[in-house]
Amino acid sequence: NAGVTQTPKFQVLKTGQSMTLQCAQDMNHNSMYWYRQDPGMGLRLIYYSASEGTTDKGEVPNGYNVSRLNKREFSLRLESAAPSQTSVYFCASSERGGDSDPSYEQYFGPGTRLTVT
Amino acid sequence: AQSVTQLGSHVSVSEGALVLLRCNYSSSVPPYLFWYVQYPNQGLQLLLKYTSAATLVKGINGFEAEFKKSETSFHLTKPSAHMSDAAEYFCALRYGGYQKVTFGTGTKLQVIP
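From first to last, the protein sequence lines are chains G and R. Each residue of the first sequence is one higher than the one before, counting from 158 in this note's numbering. Each residue of the second sequence is one higher than the one before, counting from 247 in this note's numbering.
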C-alpha cells in the first residue's frame, strides 16, 4: 500500500496563477484533510471531508477550494495564488479504528512545498 | 474551545539523556490525544495515541506519554535520547464527535552528541 500520496512535491507559482494540489489514499478511509504548515504555527486545517460528497471549512479556508472527487481523492485548488500562500501543504486521511479505537488516527502524505513569488 | 499548548519550541538534550516534551490540553469533553513526529522534509508519523484505554501509553521508538487529567497534560518522554530522535514533535487533540484535529505549534528536538 502506498498510503497517502501527494503531487506535486514542489511547485513555484507567480502571484495570480492557479494550481491544483492532488491527494490520493489507498486505505479506504472516509475522512480526508488538507493542512498547511508554517514555521512556528504547527499545522492548520484548511478544509476537510468527512465522507465522499461532503466538504467543510477548517481554520484557514480563505483563498482555497477543494473537491472530493471520489472516496480516494481529495484535491486542493488555489484560484489566484498569493505570497501568503507560500507554505508546505499536507494531505491526511483517517478512519475510525473500530469499537476499541475511536481515535480517528490520521495518516499523512509527504507534503507539497509551494512557493508563490 | 479545545486547544493544545506545547511548552518550548526548541529543546536540546545530550545523547543518552532523558527526553521530556511538554503538552497541555484544554478540552471540555474527554479528548483523544496524539503525538506525531516529523523528520526533515517528511510528513507526520504517529508516535502514540491516548484513547482512554490506559493512561500510560507506549509508542514507537521507545517513547511513551502519560495522560494526567488533573494536570491536563500529556507529556512525551523517552529515557535515553538517540541521535536519530532529532526531529519536530507535535501534540494533537481530537474531541468528541468531531473528526477535526487541533495541533500544537511543535517542538524541535535537538540531540547533542
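It cannot be assumed that every hint is accurate.
Looking from chain R toward chain G, a few residues come up when the C-beta cut is under 7 Å (computed) [unchecked claim]:
1) S274
2) Y285
3) G289
4) L294
5) K295
6) T297
7) A300
8) F349
9) T351
10) G352
11) L355
It is worth saying that the hints were derived from the structure and are not from the lab. Being a predicted model, the structure only gives us computed values, none of them experimental. Built from N, CA and C at the ideal position, the CB exists for glycine as well.
Hint by hint, here is what the structure shows:
no. : hint : verdict
1   : S274 : violated, 18 Å
2   : Y285 : violated, 11 Å
3   : G289 : holds, 4 Å
4   : L294 : violated, 10 Å
5   : K295 : holds, 5 Å
6   : T297 : holds, 5 Å
7   : A300 : violated, 12 Å
8   : F349 : holds, 4 Å
9   : T351 : holds, 4 Å
10  : G352 : holds, 5 Å
11  : L355 : violated, 15 Å
In this structure, the earlier hints numbered 1, 2, 4, 7 and 11 are contradicted, and the remaining ones agree with it.
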